[in-house]
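Taken in sequence, the protein lines are chains S and Z. For the first sequence, the positions run 112 to 187 when this note's numbering is used. For the second sequence, the positions run 5 to 150 when this note's numbering is used.
These aren't lab readings, by the way, just hints derived from the structure by calculation.
A short list of chain Z residues far from chain S (calculated; beta carbon distances all over 10 Å):
1. 15
2. 21
3. 25
4. 37
5. 41
6. 47
7. 50
8. 53
9. 94
10. 100
11. 101
12. 114
13. 115
14. 119
15. 126
16. 130
Some chain S residues close to chain Z (C-beta under 7 Å, calculated; not the full set):
17. 142
18. 143
19. 145
20. 154
21. 155
Glycine included, each C-beta is placed from N, C-alpha and C at the ideal position.
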Amino acid sequence: MKPTRVTNAIRSLRFAHGEMTQAELADRIGVTRQTVIAIEQSRYSPSLEMAFRIARVFGVSLDDVFKYSEDEEEMA
Amino acid sequence: MTADMAYEERNTWISGVATFVSYVVYLGIVLLRAKGIPLADVQYVAPLLWTLASSIIASIVGCVVGACLWGKGCGKKDVRDREIERFGGYVGQSFMCMGGSAALILAILEADHFWIANAIYLGCVLSTVLGSITKIVAYRRGLGFC
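Isolated chain Z, as found in the complex:
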């Protein structure tokens, strides 16, 4: 991450990394708690909410710190940024829909709350992370490559 990077690209990196890291932490906590008991019986609510909140706070703090360190062009968004954001949004939304659909199917099948909540959470994470990757590729290689 450098001063030469577009403001929006830097924020995309920050939110993508924050979301990915917080989800890895969540998975680690859940898997550690699952030793000897079925996954569906693990106390997952607190880690889920904490890691979700942490990723949002880390993204905001990261963006503020980034703006302080490399403030040039801060908040400036042009037509290319908006096109890339829209394209990344399309990709991200498709994973959000998949997560929602998976949760719906699980609810119809009367699966445990654990699986329903995790399907939605995974959908959110994939939406953010893959949307961010798409945007970064578009920033680096152009929209024509996507």
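Chain S extracted, bound-state conformation:
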């Protein structure tokens, strides 16, 4: 079970954007690489502001990056 219901597509978006590294994304949104790892693994829910910054880096909407799982099963 993951500690947050917020899931994300950051990993696939990074690869779709020229295999962007976690360090590069971290630099662009102004956090540490460990925070990007924690967000990708759904161990940390970013603030709304950080979520918008991530979406802006990939040039997509917030919904394309983050999903909120309604079911417990989806989180497993």
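Take the given structure of chain S and dock chain Z to it, following the hints.
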């Protein structure tokens, strides 16, 4: 401890371990000196001050050495680090309050200085060690688990 660990997480490990080890050393010295005499009569002031100072110095030196060995991201702190630090601080402070309250009660009861000083010292140690454990768990498993 690896290069992949966040700068703040590494420093949390260092201060937690340094505090725990120095307190174990202090307890060892006090218990060794207590052979044949009541605990309250043990000369505890010098070991207490030395181990307290040692833990602070060891934490600083450890953080500097850690920064030299794994300097990447050194000093960089983001919003997640601050949230975890605040959460660990809440947990740590509660033990500090307990230590202070215990010392207050002991003072009201006119207990020996030994017990009052040790209640405060134990409160400080628990505050640092349990605060550090909370932060490390939050770093590893996320704030949602705490």
